[in-house]
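Using the sequences and the hints, build the whole thing.
There are 2 protein chains.
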Amino acid sequence: MSSATEGRVTPRSEDYSAWYHDVLREAQLVDSSPVRGCFVLMPRGMALWDRFKADLDERIADTGVVNASFPLLIPLSFLSREADHVEGFAKECALVTHTRLHTAEGGGVEADPDSALQEPFVIRPTSETVIWDSFRKWISTSADLPVLVNQWANVLRWERRTRPFLRTSEFHWQEGHTAHATREEALARAQRMQVVYGDVVRSCMAVPVLMGEKTPSERFAGAEATLTIEAMMQDGWALQSGTSHFLGTAFSDAFGVKYSDAEGESRPVWATSWGVSTRLLGAAIMSHSDDVGFVAPPAVAAHQVEVLAVGKGEALQAATAAGRALVQALRRGGVRATMDTDAKSLSGPGGEAASGGASARGKLSLGKRRFASERRGTPLRVEIGRRELEQGWARITPRVALDREACELAASELYELSGDVRVAPKHRWTMSDVASGKRRSMAAHGGVLAAKNQEAGDGEAPEMNIVLPGTAGKEGPEHFQMAPAMAFAALEAVHATLLMRRERQLKERTVPVASYDALKAHAAALARTDGGGASAAALTGPAFLVAPWKDCADNERLVKEETSLTIRCLNAGAQGPGPEDRCILSGEPATHLAVFARAY
Amino acid sequence: MSSATEGRVTPRSEDYSAWYHDVLREAQLVDSSPVRGCFVLMPRGMALWDRFKADLDERIADTGVVNASFPLLIPLSFLSREADHVEGFAKECALVTHTRLHTAEGGGVEADPDSALQEPFVIRPTSETVIWDSFRKWISTSADLPVLVNQWANVLRWERRTRPFLRTSEFHWQEGHTAHATREEALARAQRMQVVYGDVVRSCMAVPVLMGEKTPSERFAGAEATLTIEAMMQDGWALQSGTSHFLGTAFSDAFGVKYSDAEGESRPVWATSWGVSTRLLGAAIMSHSDDVGFVAPPAVAAHQVEVLAVGKGEALQAATAAGRALVQALRRGGVRATMDTDAKSLSGPGGEAASGGASARGKLSLGKRRFASERRGTPLRVEIGRRELEQGWARITPRVALDREACELAASELYELSGDVRVAPKHRWTMSDVASGKRRSMAAHGGVLAAKNQEAGDGEAPEMNIVLPGTAGKEGPEHFQMAPAMAFAALEAVHATLLMRRERQLKERTVPVASYDALKAHAAALARTDGGGASAAALTGPAFLVAPWKDCADNERLVKEETSLTIRCLNAGAQGPGPEDRCILSGEPATHLAVFARAY
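Chains A and B are the protein sequences, given in the same order. If you use this note's numbering, the first sequence corresponds to residues -15 to 584, in order. If you use this note's numbering, the second sequence corresponds to residues -15 to 584, in order.
Identical copies carry no separate label here, and so any pair may be met within one copy or between two of them.
Below, computed lysine-lysine pairings styled on DSSO-like, alpha-carbon distance capped at 30 Å:
#  : residue 1 : residue 2
1  : Lys491    : Lys436
2  : Lys347    : Lys121
3  : Lys328    : Lys37
4  : Lys242    : Lys347
5  : Lys328    : Lys242
6  : Lys352    : Lys121
7  : Lys491    : Lys504
8  : Lys534    : Lys491
9  : Lys544    : Lys504
10 : Lys121    : Lys328
11 : Lys534    : Lys504
12 : Lys352    : Lys296
13 : Lys242    : Lys352
14 : Lys347    : Lys328
15 : Lys347    : Lys296
16 : Lys491    : Lys544
17 : Lys296    : Lys328
Everything labelled a hint here was simulated from the structure, so no lab data went into it. Quick caveat, the model's predicted, so the values are computed rather than measured.
This is the structure:
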């Protein structure tokens, strides 16, 4: 995957791309595969996606969309039904041409020529065509509308240059497809999903985004409008993180779908489609990780807490027993906790007793174990040794230095949450409903965090401790029941810290630009250094450049050629140009405020 | 999909295959697609799979297995690495040979010949080869073992004769793959997953199974042992519903995977793989449905309760308001409830206001609406009209006639469940944790059902009623909080009724057979009638035929040729032959007790 030596994480300023690959390798998120451009999602990477998926799936269902599943293969002729669509997608597809193997003369197997298909199939790069072929059968009158379906699926685009998560040939995503009786209803749906995406990325990935519309030349193939969410990476580059398309009647026309209204009149059907993919994992990884390694957003982390038992001989045995009891207590309360000695293995709790694996790993020094835990990105670490057992409690060490302001926000948000469980961030922490009602626990950990905030000095982040099971903790045994609440409070504090950091960056580094020369100067600062590193300016300076613009595909291309910048979106946050604003390139009256950036 | 006229369900005795297709169509579970042998899972069918998947995923995780994701495509050469494997699987695969399209001369698009792959890819028919290629990189010492991974994936086998769910070219499944340091550990894992499968099918699908081992000639390609779960359909035919394979060291040898033990000695790695698929939906549908249409197992039903508001004018308005309030209350408690007028639509609650759809559907007569609800297979129906509003409660009408004995069992099982939530059936009913703790609710609905059982006369099933919101119900307003508990009690009663029915069938229709002539006679009775119907004997007579057998592939083939029966498994329930038992065909000392049956 990376040329770097195993065990080392290249600093961002030295080689940004190598840093990213090192982070992925050390955290065991992804592995290469024998298929070019396709990657193996390792268990720790898959956990991120599974958590995110469960959350988004529920949010999608809340908007009235139901899941379905359509074929992986699409007849080749379908692609050319919608003229714009084929232009945009037809180039790099995997083609299935045969359906049987036979034994080759020289041994091994080969395609049986007798099994050649009359019409080849394409592995879906996206499913508009095959889905509208179904919609044609499902829609005949207004009583059949709206149709609101979603599928979680793998898709394949034969990409030339790939990078794990960010651009891969095969990837996982969800694709929503809807059919409506009116233009207005379809447009509102496209907008609604853009908002759902912005919310879920913020809540699950702790990543804030800009929301706007793509230029006509950057639209999805076949769309009348493409709405986008754009995230800013640490190097100032943009990552398109999700899109929602208003498709007009292009696909319903191409597939002959009409409905008859109450008067029996035949009417066109309006469409949307919208999707987010495993690319979002790349956004999360690139947004929060540091030169030590991965920093996992707590809401989707494979493990939220790692417990390290330390010491030797009997003391280690006692610490291990207490650690395992703590892990059990946290798990019962819904916290994803593990012993650090188990965290690295490719199996989970409840499996076969490891054949000596855990003990072999246990022989590492404490320093190396801490370091390994940090590189796995686990949000919280708890070390238990002789001292902790004596005092009855242990320190919670967050993966990142907590931000005082963020902790205050987190406390208030948890309080708010305790009032009404349905407000965002609704899925971030899932208390087990066996141990206690969710409502009570939310109140409890909001309270814990607020109290800790009060104890901390001015500008200091609160220090958080967890009472150990089986010890006479100074806070009394009943507080052991609070272990999960304490962990949730700490997780919320980490989440808020990550989110606030990225929000500050997004705000400070999104700057107005008054001239094309200024745009070019900023663009130069965003380029990689000779060694491939991100320059100091790229890591801290202006990154999203907002300029008055008159929409023009030729000028857009010119800017890209001269500066490597692209328009990420128009009128971000619905902010348009002033009446006097003039396009920084053409000098003509501006039609939009464009956000320019380097992009992945 | 079926040649039958829309709206009609062919009786099982008339044409069994047409019956199955009619059931699927009327319940809107599945639709044909433009790709031969591939089907669209419609939202009501997809819901069944999603529910099942969530449950099984948690059970798999409980055994220490973690999820991962491996590529869809497999290099062709990988398939021939393991000699037995290629024999078993190489025949019917989809081959990817090109990776780019270009515009064809006559218009449209075609494969760009310049993009021909040097080595074609196969769309995975199963993933042992590509996964062991990864395991090779992940395993070097005993500290790396065991590796316990699972993936939820789509696979493709180019089947000649397909039937929705039961045999399709593309299908969804989970495939678990594990690597172990010892033979014993691997064998124990294969056995453990067979038990997990038996439990989950019983709990989610209300389908009991026989568990045994496949004959050598029916083993998975490359396996040393294949364990199977076999369900009995209503026509007496068997459906193989899940398999778990002990693979020995075949794949680790083929991919050069070894580990070094504590002494540094190089040792072979032992493997298992195991999977269940959307075929299980076919098992559930065929097991419970009747000549009216689909009967959904309550645990996985898209909707568990349909509420029908009846009447005209103002009375209808009042009934609709009460119905919607009841649906809301049930949903808050975790019951999947809907108004019947929404149940048929291809969108869920929270979507755009239907463009007149619901009202158009509302014009059907009550009889037709009841019938439609029954065909959708929804386990419970509640009708609300003037009378119900006056009395303050409504009758719960189950889709199937409840069995008194099953209701007693259900009540006792719910009581047991309330004592310890972790006992099976752990996931069957998910009370929302907002409304009340799960434990309390389980006790409550166990209690409700037991009380109703006491009220019922001898041999009668209990009649269950639900208090309506916003009415002065005779049981008092506090009982309205019990609506979800009441629904759960009724759902458990339906589940127990379905399961008990199938258990009786499985028990009564699994019979010993003493001679080959007797086997042939039973086989004749299981054949379809001239019109394709299931004969009375096939629907009620002996179906799983248990006979002493001496393992012999030639004899197995002979029996199949002469009787169309296959050996579904050996030593079902771990019951072997007696010491004097002789093979019904060869007359030699029996090595096994074989279960013969007609199979899908």
